[in-house]
Structure formats: structure tokens, C-alpha cells
Amino acid sequence: MATDTRIAQPDRKPPLWRNATVLKWAAQLVVLAGLVGLFLILGLQAAGNLEAQGRSFGWGFLSRPAGIQIGEGIFTRPTNGFQVLQTGAVNMLRITVSGILAATVLGVVVGVSRLSANWLLNRLATVYIEILRNIPLLVQIVFWFFVAALTFPELAVEQEGSQWLVISNKGISIPWFFPTETFWQWAVFLIGAGIAARIVFKARIRKLELTGTDTHPARFALLAFFGIALIGWLAHPIAGALGWLWQALGWVVTAIPTIGWQVVLAALSVYLGVRWIRRFLDSLRSPAGLAKLSDDDWFRMGLAGVVGALGAFVFLFFPSVTGALVELTDFVLGFLNQKFDFLRSGNPLRFARPDVVVPGRFAQIGSSGMTMTSAFFGVWVGVTLYTAAFIAEVVRGGVLAVAKGQTEAGLALGLRRSQLLRMIILPQAFRIILPPIGNQYLNLAKNTSLGIAVAYPEIVAVGQTLANQTGQAMQTFLIWIVFYLSVSLVLSGIVNRYNRRLQLVER
Amino acid sequence: MTTPRVSADLLPPEPPPEASQPGAVVWLRKNLFGSVASTIVSVVLGVALFFMLRGLLAYLFSDERLWEVIPRNATNYAIEGYPRPNITRIWVSLDIILFLAGVSMAVWKPSGMMSLASLAATVRSIGTVLVLVGVLAPDTFESRFTVGVVGLVLIGLSFLGMRLSDRAALADRIPTLALIAGGAVLFLAVLWLLPLASTTQIPWTVGVGVAVIGHLVGRVLAARVASGPLRAIVTAVWLVSLPVIYLHIQRNPEVDWDTVIGSWLPWIAGIVVVGVALINLVSRSDRERAGVINALIVIAAVLVWTVDAPMVARALLLLLAVLSLATPTFGSSALGRRNMALTWLAGAAFFSYIFVIGDAGTGLETRNEYYGGLNLTMMLAAGGLLLSFPLGVLLALGRTSTMPIFRLLSTGYIEVVRGVPLITVLFIARFGILNFLPAELEFDPNILVLGGITAFSAAYLAENVRGGLQSIPRGQYEAAKALGMTTAQMTMLITLPQALRAVIPAIVGQVIALFKDTSLVAIVGLAEFFRVARDIVPNQTNSLGSIIENLLFAAAVYWIFTYNFSRASQRLERRLGVGTR
Numbered sequence: 001m002a003t004d005t006r007i008a009q010p011d012r013k014p015p016l017w018r019n020a021t022v023l024k025w026a027a028q029l030v031v032l033a034g035l036v037g038l039f040l041i042l043g044l045q046a047a048g049n050l051e052a053q054g055r056s057f058g059w060g061f062l063s064r065p066a067g068i069q070i071g072e073g074i075f076t077r078p079t080n081g082f083q084v085l086q087t088g089a090v091n092m093l094r095i096t097v098s099g100i101l102a103a104t105v106l107g108v109v110v111g112v113s114r115l116s117a118n119w120l121l122n123r124l125a126t127v128y129i130e131i132l133r134n135i136p137l138l139v140q141i142v143f144w145f146f147v148a149a150l151t152f153p154e155l156a157v158e159q160e161g162s163q164w165l166v167i168s169n170k171g172i173s174i175p176w177f178f179p180t181e182t183f184w185q186w187a188v189f190l191i192g193a194g195i196a197a198r199i200v201f202k203a204r205i206r207k208l209e210l211t212g213t214d215t216h217p218a219r220f221a222l223l224a225f226f227g228i229a230l231i232g233w234l235a236h237p238i239a240g241a242l243g244w245l246w247q248a249l250g251w252v253v254t255a256i257p258t259i260g261w262q263v264v265l266a267a268l269s270v271y272l273g274v275r276w277i278r279r280f281l282d283s284l285r286s287p288a289g290l291a292k293l294s295d296d297d298w299f300r301m302g303l304a305g306v307v308g309a310l311g312a313f314v315f316l317f318f319p320s321v322t323g324a325l326v327e328l329t330d331f332v333l334g335f336l337n338q339k340f341d342f343l344r345s346g347n348p349l350r351f352a353r354p355d356v357v358v359p360g361r362f363a364q365i366g367s368s369g370m371t372m373t374s375a376f377f378g379v380w381v382g383v384t385l386y387t388a389a390f391i392a393e394v395v396r397g398g399v400l401a402v403a404k405g406q407t408e409a410g411l412a413l414g415l416r417r418s419q420l421l422r423m424i425i426l427p428q429a430f431r432i433i434l435p436p437i438g439n440q441y442l443n444l445a446k447n448t449s450l451g452i453a454v455a456y457p458e459i460v461a462v463g464q465t466l467a468n469q470t471g472q473a474m475q476t477f478l479i480w481i482v483f484y485l486s487v488s489l490v491l492s493g494i495v496n497r498y499n500r501r502l503q504l505v506e507r
Numbered sequence: 001m002t003t004p005r006v007s008a009d010l011l012p013p014e015p016p017p018e019a020s021q022p023g024a025v026v027w028l029r030k031n032l033f034g035s036v037a038s039t040i041v042s043v044v045l046g047v048a049l050f051f052m053l054r055g056l057l058a059y060l061f062s063d064e065r066l067w068e069v070i071p072r073n074a075t076n077y078a079i080e081g082y083p084r085p086n087i088t089r090i091w092v093s094l095d096i097i098l099f100l101a102g103v104s105m106a107v108w109k110p111s112g113m114m115s116l117a118s119l120a121a122t123v124r125s126i127g128t129v130l131v132l133v134g135v136l137a138p139d140t141f142e143s144r145f146t147v148g149v150v151g152l153v154l155i156g157l158s159f160l161g162m163r164l165s166d167r168a169a170l171a172d173r174i175p176t177l178a179l180i181a182g183g184a185v186l187f188l189a190v191l192w193l194l195p196l197a198s199t200t201q202i203p204w205t206v207g208v209g210v211a212v213i214g215h216l217v218g219r220v221l222a223a224r225v226a227s228g229p230l231r232a233i234v235t236a237v238w239l240v241s242l243p244v245i246y247l248h249i250q251r252n253p254e255v256d257w258d259t260v261i262g263s264w265l266p267w268i269a270g271i272v273v274v275g276v277a278l279i280n281l282v283s284r285s286d287r288e289r290a291g292v293i294n295a296l297i298v299i300a301a302v303l304v305w306t307v308d309a310p311m312v313a314r315a316l317l318l319l320l321a322v323l324s325l326a327t328p329t330f331g332s333s334a335l336g337r338r339n340m341a342l343t344w345l346a347g348a349a350f351f352s353y354i355f356v357i358g359d360a361g362t363g364l365e366t367r368n369e370y371y372g373g374l375n376l377t378m379m380l381a382a383g384g385l386l387l388s389f390p391l392g393v394l395l396a397l398g399r400t401s402t403m404p405i406f407r408l409l410s411t412g413y414i415e416v417v418r419g420v421p422l423i424t425v426l427f428i429a430r431f432g433i434l435n436f437l438p439a440e441l442e443f444d445p446n447i448l449v450l451g452g453i454t455a456f457s458a459a460y461l462a463e464n465v466r467g468g469l470q471s472i473p474r475g476q477y478e479a480a481k482a483l484g485m486t487t488a489q490m491t492m493l494i495t496l497p498q499a500l501r502a503v504i505p506a507i508v509g510q511v512i513a514l515f516k517d518t519s520l521v522a523i524v525g526l527a528e529f530f531r532v533a534r535d536i537v538p539n540q541t542n543s544l545g546s547i548i549e550n551l552l553f554a555a556a557v558y559w560i561f562t563y564n565f566s567r568a569s570q571r572l573e574r575r576l577g578v579g580t581r
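Residue numbers (my numbering), protein chains in the order written: chain A, 1 to 507; chain B, 1 to 581.
It is worth saying that the hints were derived from the structure and are not from the lab.
Computed from a predicted structure; not experimentally measured.
A hint or two may mislead.
[To be verified] Dumping the calculated DSBU-like pairs for lysine-lysine here, alpha-carbon to alpha-carbon at most 35 angstroms:
1. A:13 x A:292
2. A:404 x A:202
3. A:24 x A:292
4. A:339 x A:170
5. A:24 x A:13
6. A:404 x B:30
7. B:481 x A:13
8. A:404 x A:207
9. A:339 x A:202
10. B:481 x A:292
11. B:481 x A:24
All chains should be modelled from the sequences, with the hints used to inform the complete structure.
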């Protein structure tokens with residue numbers, strides 16, 4: 001038997017085709033090669049198909065006129081494909097951000113209501129959750145869209161002129177503060193005010209911990225924030241001096257020849273790869289010496305090395321990549337330069353009320369207020385109510401998961417129920433509910449794509465139109481994937497950051 | 001103070017808590033007017049709720065609502081474009097499902113009982129809703145008085161039930177089976193008495209009869225066959241019934257028997273016979289010879305793509321390669337050998353069947369898209385779940401594997417698919433994939449979209465299964481290793497079964513999500529249930545302006561399905577005791 005010989009001759013190595021490590025790597029490499037081959041075949045086929053149809057794969061459509069009109073957004077008559085996608089992306093982000101805020105507030109309220117001792121409130125929250133989360137979101141979005149478009153009152157000609165609030169089947173319009181051309185200069189002060197408030201808050205907290213007296217950290221932080229914001233409101237032209245900085249940076253970026261940037265970027269790529277490998281090795285090193293490296297460790301280091309080397313290779317031998325990066329940086333700096341001007345003055349925000357205009361026989365909502373079309377209303381209300389139902393369940397679970405002893409201890413200290421909730425329960429529940437709420441935020445961001453069903457021009461809808469107009473479907477699909485993955489990455493990055501800070505420090 | 005820990009079986013049963021019937025005033029003071037804040041909330045909410053309900057009912061029962069559109073289009077909602085002369089095929093599919101449901105009810109013996117008290121509570125809430133409708137509905141709703149009276153009768157009945165459940169200990173529990181039978185009888189009575197869908201009276205009655213027959217057959221089988229194998233067989237029949245229904249019965253395939261017998265059958269017969277012989281040989285060989293034979297089979301499976309063989313032969317050889325590679329691990333005993341051979345025969349038969357049916361054209365008298373409505377929704381949900389299961393398990397194993405390349409590939413796939421919305425996946429499946437395939441290949445849009453749903457669902461399923469795999473205690477892995485199991489044996493026999501059992505509730509949750517997500521295929525142009533409600537019915541000339549009615553109806557149908565799914569999953573979770581063990 002094979003086993004017996006192995007015992008008799010322990011130092012005899014198994015043959016190659018019985019060596020587990022070799023077999024494992026062989027199997028993986030075979031599968032990898034098979035996949036690469038499959039993608040190669042598919043890619044060649046796609047290239048052949050395109051050629052047969054007389055088309056070619058390229059990104060030129062992004063800079064060519066698109067011939068598309070968009071219902072709402074930053075460019076309603078975009079001049080090129082890129083502006084079309086930009087409008088879709090901004091529209092998507094508008095719903096995502098406002099939806100996240102509204103869904104969080106509503107979700108927490110409903111979730112806490114579900115635990116209320118008041119029977120009516122409790123029941124109402126339960127009914128809300130059970131109805132909303134069991135109906136497909138698409139049905140809800142289409143429903144709200146038609147509610148807004150069919151059942152809201154018609155816009156009357158008599159309403160012409162400035163209004164405070166317009167609700168009609170052509171949309172909802174509210175008063176709003178709009179940024180003006182000096183907003184960016186003020187924004188610099190706002191960022192500074194945020195940082196200052198943070199510093200003040202931390203300093204006051206430190207003092208509170210040292211002395212034990214109430215130092216009002218929140219009040220001082222708010223005071224610092226609004227103080228600097230107010231100064232900025234009056235003195236924002238000072239920040240206009242930054243325009244010179246952008247200009248100078250732009251000169252530097254374009255003055256260095258592309259080959260210089262190529263070398264710098266390639267070196268950076270190699271350096272990052274090497275640094276990753278060295279840090280990885282350091283993390284495995286213990287006082288007893290370097291631990292035995294597993295297959296996995298070798299693979300990781302190999303991958304880091306290959307990625308670093310590949311980056312260097314691409315930067316060195318494809319100058320167009322570096323050229324595009326330089327161009328992009330120059331474009332961004334030029335854009336910033338436009339936004340800052342030492343001599344520019346005026347209020348950074350402009351208050352405007354909605355208006356109704358009558359260009360012909362029928363009344364329309366004018367452009368001065370903040371207008372929400374029926375499509376925006378449908379998507380926004382749909383995703384908000386739907387996500388809030390899920391957030392409510394998460395909140396309820398989190399509150400219930402806080403140990404009962406905490407409630408009892410709080411009550412024993414003589415806290416009122418509202419204080420108990422605010423100071424004892426919610427801070428602890430927050431730690432439990434943050435990761436699942438983060439998931440719900442991601443779902444909300446992805447669910448905005450259903451706007452296409454009510455012709456809301458978010459990135460999927462405009463991408464679809466663009467693909468139909470230009471015939472460049474593959475590129476549009478790639479843009480979608482990259483866009484949504486980036487949004488997911490940013491959102492989960494933010495949530496993870498807070499999550500790490502909230503976690504209990506275990507010793 | 002500590003109480004001694006004693007198993008619950010050893011303790012004398014606790015006496016039931018005193019049945020205290022608090023008066024209505026006490027209840028109100030406790031639950032609605034407990035404090036000043038609570039009183040304010042109750043009053044404000046009560047008033048708001050009153051006006052909201054009144055407005056809602058006034059809207060729903062207004063004369064302007066076109067509710068008659070719904071029963072008129074019931075067939076469209078159910079099957080949409082399916083050719084009406086062939087409609088018997090739909091009923092036969094339904095009968096198969098009802099028959100299997102009847103058999104399963106007998107084989108699994110649902111042990112759940114519903115107490116009379118909780119049944120009475122359900123009846124009472126229905127009655128309360130009806131009374132509320134009767135009181136608050138606008139005058140335009142003629143039957144509001146009847147509805148109110150029915151509600152009052154139901155409330156009265158529920159109080160009677162409460163009394164009975166207090167007194168008679170015997171009448172306390174109602175078996176689930178009796179409830180289901182009662183529901184079926186009620187359903188038939190409504191169908192025959194109300195003029196809603198008169199053409200379906202006879203088929204539905206037949207269907208219920210078939211379910212009863214199925215139940216009787218199941219009882220006979222359960223009495224004669226051991227429960228383990230019987231359950232396995234019934235599960236297998238359920239799995240096979242799906243392709244049989246959607247590819248065979250509803251498609252009415254016209255098989256080109258000349259090609260099948262002339263050029264396919266020799267290949268199939270040859271590969272099946274050789275396969276049985278080879279599996280037998282491999283299981284009796286030592287590892288060296290088994291390795292050589294397996295290598296030869298793998299080479300044959302690759303080479304067959306270069307010769308002019310029918311597709312079914314290529315697929316069968318791939319299956320044979322997979323099975324023979326697994327044979328040394330799982331088929332070394334006599335029992336294992338028999339199981340491997342049986343698996344091979346069943347798999348080969350199934351593959352051949354799918355290929356023969358899939359290659360055939362349809363014999364229906366219709367245009368191309370014959371799936372539609374709720375029928376298509378069901379096909380997408382059930383098909384997506386079934387097809388994504390193997391892929392999802394494979395991805396989960398890949399992601400937890402110790403082999404870095406497999407892990408990288410699985411993780412990459414899962415994260416990318418989970419990072420993008422379903423609608424982009426559907427667009428890519430429906431309009432993108434074809435760009436990568438030879439132009440002469442033609443695919444049914446339904447199949448392409450089903451592929452997209454499968455690819456999407458598999459990534460989420462993989463994450464669920466991974467959770468299950470990671471929840472298994474290390475000791476299980478170590479024990480398996482200590483017994484000398486190979487990694488494949490450990491996965492298939494020890495860890496994966498436990499992991500799958502642990503994640504059943506999560507998977508049911510995913511079924512719910514999948515069912516809701518099927519509505520998205522309306523956007524890529526498939527005529528499933530939601531598209532019927534949004535586009536097809538409201539655009540008919542005699543149904544114009546009925547969009548909101550149709551949307552509300554669609555929402556109600558989705559809600560009934562999903563709500564019952566989620567209730568069932570909660571019951572399942574309690575019964576499996578996941579999380580409490």
C-alpha cells in the first residue's frame with residue numbers, strides 16, 4: 001500500500017503529480033488560464049462583431065455633441081456625451097444624498113415608534129413597515145410618480161408671479177438658497193470653520209475630562225463654526241487669492257514635460273508596491289524571526305509586485321496615459337482657477353422664491369425656485385419611504401439588543417425615559433445598527449437607478465439614451481459599473497470609518 | 001441568588017398564567033392614555049388617522065375608479081401573451097404544482113397547529129377592518145352597509161371562538177391541514193358564488209381535486225416508504241418539475257426526432273455506457289490508475305470541442321469528467337459506487353432531456369414571446385433561485401477557499417455584482433451579452449434576462465452561504481481533518497450541509513428579495529406581471545386612465561405573496577431554532 005511505503009521512507013518526496021501544493025496551483029492556474037482564454041475569445045468575437053457592423057470601440061462619443069435634451073439637471077441641453085453623463089450622475093447623487101438624510105430621520109422615528117408604549121403609534125409603525133417593505137420598490141416609485149403627475153392640482157394661469165410654494169402636477173417648487181459665483185470662495189471658509197470647530201470641540205472635551213466641570217464643548221464648537229462662517233461671508237474675496245495658487249500649480253504641471261511625469265509616476269508605482277511588500281513582511285515578523293510564509297502570503301506579495309511593476313510599465317511605455325492624467329489635472333486646476341478671483345465680491349448665496357410663468361396659454365413653473373419634477377418626486381419619495389422601512393427594522397433590532405440592565409440602571413439613576421433613550425440606549429444601539437444601516441444606504445444609492453422607469457434622468461437612464469443615440473453600449477455599461485462601484489466604495493468607506501471609531505476598544 | 005439549572009423537561013409544567021380579562025378602560029389607560037405625552041400622541045394620531053382613512057376610502061370607492069378593469073384583464077395578469085387556445089397547458093402546469101403540494105403536505109406532515117385563540121384574533125382584526133370600512137366609506141360605495149354587517153358578524157364569531165378556546169381544551173388547536181382545507185373550500189365557494197371569473201370555475205375545482213388526490217397518494221407513500229428516501233425523491237421531483245413545466249408543457253416543443261435519433265442518440269448512448277464503465281473502473285482502481293483514467297477523460301472532454309460533435313455530447317463529457325474526478329473521493333465504497341453511477345445516469349438523462357427540449361422549436365400557435373404575466377414572474381423567481389444556487393455555493397466555497405487565485409476571482413465577482421444595481425446587470429444581460437457572441441446564435445430574451453437574474457442573485461446567495469460556512473465551529477473542520485477526510489469530503493459531507501442548514505432563513509429572505517426584484521425586468525421589456533399592470537392593461541382602449549388602479553392591484557398581489565413568504569420564513573426560523581441553539 002502507498003501509505004506503508006510513505007511511513008517506511010519518510011524523507012521521500014511525493015512525485016510532482018501527487019504534490020498537494022503543485023496540484024493546487026496547477027488547478028488555479030488552469031482555471032485562470034481558461035477564464036482569460038474565454039474572455040479573449042469573447043473579446044475577439046465582440047471586436048469582430050463591431051467590425052462587421054462597421055462600428056468601432058472608442059471614447060470619442062464623450063466629447064462629440066450628443067443631441068440629447070435632459071428633463072432636469074445641471075445641463076438640460078448638454079453639448080457633449082460627457083455632460084450628459086455628468087448630469088445623470090449629479091441627478092443620481094441628488095436623490096441619494098437627500099434620500100439618505102430623509103430616510104434616516106424617518107427610519108429612526110418609525111423604528112423608535114415601533115417600540116413605543118402607545119398602542120396606536122406602535123401599530124401604525126408596524127403597519128407602515130409591513131406594507132412598505134413587502135411591495136417592490138419599482139411599483140412604489142411608479143405609483144408615487146403617477147400620484148404626483150395625475151392627482152396633484154393643475155397649475156392655474158392665475159397663479160402667475162412669485163409664490164412661496166407651488167404644488168402642481170408639473171412639479172413642486174420651494175424657496176431655496178442658490179450658490180452664486182462667489183460660493184467657492186466662501187466654501188473655503190466653511191471647510192476652515194469645520195476644522196476649527198472640531199479643534200475647539202476636542203480642546204473643550206479635553207478640558208472637561210481634566211477638570212470635571214462642564215465646558216460646553218458643543219456650544220463653543222458651534223460658536224467657532226458660525227463665527228468663521230460669518231467672517232467668511234464678509235471677507236470671502238480674500239480666499240480669491242487661492243486662484244493664483246491654482247494658476248501657479250497649473251503652470252508647474254504643464255511646464256514639466258510628459259516624460260518627467262512618466263518617470264515620476266512609474267517610480268511612485270514601484271515604490272508603493274515595494275513599500276506594501278515590506279510592510280507586509282514586517283507585519284509577519286515577530287521577535288522569533290520571520291514566520292513561515294504560506295501560499296497566500298506569497299500570492300499577495302506577488303500580486304503587489306506585479307501590480308506595481310505593471311503600473312510602472314504602463315506609465316513608461318504608454319505616454320498617452322500620463323498625458324491624459326496631466327490633462328485632467330490641468331483641467332481641474334483651470335476649473336478651480338475660474339471659481340476664485342480676488343476682485344470678485346457679492347453674497348455667496350442667493351435666496352430665491354419659486355415663480356409661475358405663462359409663456360403661452362398654459363402656466364409653467366419658472367426657473368427661479370428649487371423645483372422637484374414629478375419624476376424626482378416619485379423616485380425620491382419611493383426610495384425614502386422604502387429604505388426608511390428597512391432602517392426602522394434595523395433601529396428596532398439595535399434598541400432591543402441593548403442589554404435590559406442598561407435600561408434598568410438608567411431608570412435607577414432617575415433618568416427620564418427621553419433622557420434614557422438619548423443618553424443610554426441610542427448611543428449603544430448606534431454601535432449595533434451602523435453596519436446594517438450602511439448597507440441600507442448602499443441599497444438606496446443603487447435603487448435610485450429605478451428612476452429610469454419614470455424617466456428620471458439619472459445615470460442609468462441618460463446612459464441608456466446615450467447608448468441608443470451613439471450605439472456605444474459597451475462603454476456605457478463600463479461607465480455604469482465604474483460609477484456605481486465608486487459610489488459604493490465612497491459610501492462604505494465613510495460608514496466603515498465611523499464604524500471603526502465607534503467600536504469598543506478590546507484589550 | 002441563582003436558580004439551579006435544570007432541563008425544562010424535568011420541571012413540572014408551569015401553570016398557565018391567570019386569564020385576566022382587563023376591562024376596556026384599563027386597557028385604554030394603559031396603552032393609549034398612559035401619560036400626557038401618550039395622550040397627545042393618541043389624540044393627534046387618532047384624528048389624523050380618521051381623516052386619512054376617510055380620504056383613502058373615498059378615493060378607493062369613488063365612482064371614478066375603474067376597478068372593473070382588473071377582473072376583465074385577469075387572464076392578462078396571469079399569463080399575458082400566452083396563446084389562449086393552448087391555455088389548457090397552463091392549467092396542467094398548475095395541476096402538477098398542486099399535486100406536488102398535496103404530496104408534500106402528506107410527506108412532511110406540517111406539525112404546526114394554530115390555536116383557536118390566534119385564529120379568532122385574526123378573524124377579529126379582519127372584522128374590525130371591515131367595520132371600519134363600512135363606517136368610514138363614502139356614500140358612493142353601495143355595499144358599505146353589507147360590509148359593515150359582515151364585519152360585525154366576524155367580530156361576533158371571533159368572540160365565540162375565544163369563549164370556546166377558554167372552555168374546551170379539546171378544541172384548542174386546529175391542525176394546519178384543516179386550515180388549508182377550509183381555505184380551499186372557502187376559495188371554491190367564492191369562485192362559484194361570485195361572478196368574478198366564471199371561466200376558471202371548473203379548472204380551479206379540478207386543481208383542488210388534484211391537490212386532494214396528491215395528498216392521498218402522499219399518505220399512501222408515507223405509510224409504505226421510509227421518510228428519508230421519500231423526501232429526497234419528492235424534492236427531486238419538485239426540482240425536475242420546473243424545467244418540465246416551463247420547457248416542456250408550456251412550450252409544447254416540436255422535437256426534430258430525425259436529428260435526435262440519427263445523430264445525437266449514438267453519442268448519448270455511447271457516452272452513457274462508457275461513463276458507467278469508467279466510473280466503475282475508477283472506483284475500483286488505486287489512485288495512480290484512477291488519476292490516469294481521469295486525466296484521459298478530461299482530455300477527451302476538451303478534445304470533443306474540436307470535433308464536429310453535437311453540443312449534448314460535449315456537455316455530457318464535461319459532466320462525466322466532473323463526476324469521475326469526484327469518484328475516488330466519494331465512490332470508493334460499494335454504496336458510494338452505486339450512488340455515483342446513479343448520479344451519472346440521472347444527470348445524463350436530465351442533460352439529454354434539456355438539450356433535446358431546448359433545441360426544439362415551439363408548437364404553440366403564437367408569436368415568439370409566449371411567457372408573460374404572473375407566469376413569467378414565477379418562472380424568473382423560481383428559475384433564478386434554482387440556477388443561482390449551485391453558482392452561489394461555488395462562489396462561497398471559492399471565497400472561503402485557501403487557494404488565493406480562486407478566492408480573488410470569487411471575491412472580485414461577488415463584490416462587483418453586489419456593487420452595481422440589478423437594472424444595469426439586466427441591461428447588460430439583455431443588450432450587452434449578445435455583442436460578445438457569434439451573430440448567428442439566437443437567444444430568447446427571457447433566457448437572457450433569467451441569466452442576468454441568476455448572475456446577480458448568485459453573488460448575494462454566495463454571501464449568505466459564506467456566512468453559514470463561517471458560523472461553523474472550528475472543531476468541525478478539525479474533527480473532519482482528524483478523521484482523515486480530504487478537503488472535498490470535508491466540504492461536501494461535514495461543513496457545507498451544516499452551513500446550508502444554518503442559512504435557510506437568510507435564503508428565504510433572499511427569495512423574497514428576488515421575487516420583488518423580478519418586477520425590474522419590465523424595464524428591459526419583458527411582459528411580466530408588473531409590466532402588465534403599468535403598460536399593457538392601462539393602454540388598452542377600454543381601460544384608459546386606470547393606471548393607479550392597476551398599480552394598486554399589482555402592489556396588493558406582490559404584497560400578499562411577499563408578506564406570506566416572510567411570515568413563513570419567521571415560522572421556519574423558529575422551527576429550525578437558528579440563533580437560539
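Could you grab the alpha-carbon distance between residue 481 (chain B) and residue 13 (chain A) and see if it respects the 35 angstroms cut-off? Holds. Residue 481 (chain B) to residue 13 (chain A) sits at ~22 angstroms (cutoff 35 angstroms).
Can the restraint linking residue 481 (chain B) and residue 24 (chain A) be considered satisfied, given a maximum Cα separation of 35 angstroms? This hinted pair holds, its Cα atoms lying about 18 angstroms apart.
Satisfaction of hint between residue 292 (chain A) and residue 13 (chain A), Cα-Cα up to 35 angstroms: Distance of about 20 angstroms is within 35 angstroms: holds.
Holds or violated: residue 339 (chain A) to residue 202 (chain A), with C-alpha atoms at most 35 angstroms apart: holds, 33 angstroms
Does residue 13 (chain A) lie within 35 angstroms of residue 24 (chain A) when you go C-alpha to C-alpha? Satisfied, since the Cα-Cα distance of roughly 17 angstroms is no more than 35 angstroms.
If you draw a straight line from the CA of residue 404 (chain A) to the CA of residue 30 (chain B), is it 35 angstroms or shorter? holds, 21 angstroms
Given the hint that residue 481 (chain B) pairs with residue 292 (chain A), test it: the Cα-Cα distance must not exceed 35 angstroms. Roughly 22 angstroms separates the two Cα atoms, so the pair holds.
35 angstroms Cα cutoff - pair residue 24 (chain A), residue 292 (chain A): Since the Cα atoms of residue 24 (chain A) and residue 292 (chain A) sit roughly 19 angstroms apart, the hinted pair holds (cutoff 35 angstroms).
Taking only the CA atoms, is the gap from residue 339 (chain A) to residue 170 (chain A) under or equal to 35 angstroms? holds, 34 angstroms
Taken at face value, is the distance from the CA of residue 202 (chain A) to the CA of residue 404 (chain A) at most 35 angstroms? holds, 32 angstroms
Taken at face value, is the distance from the CA of residue 207 (chain A) to the CA of residue 404 (chain A) at most 35 angstroms? Distance ~33 angstroms between residue 404 (chain A) and residue 207 (chain A) Cα, so the pair holds.
When each numbered hint is compared with the structure, no violation occurs for any of them.
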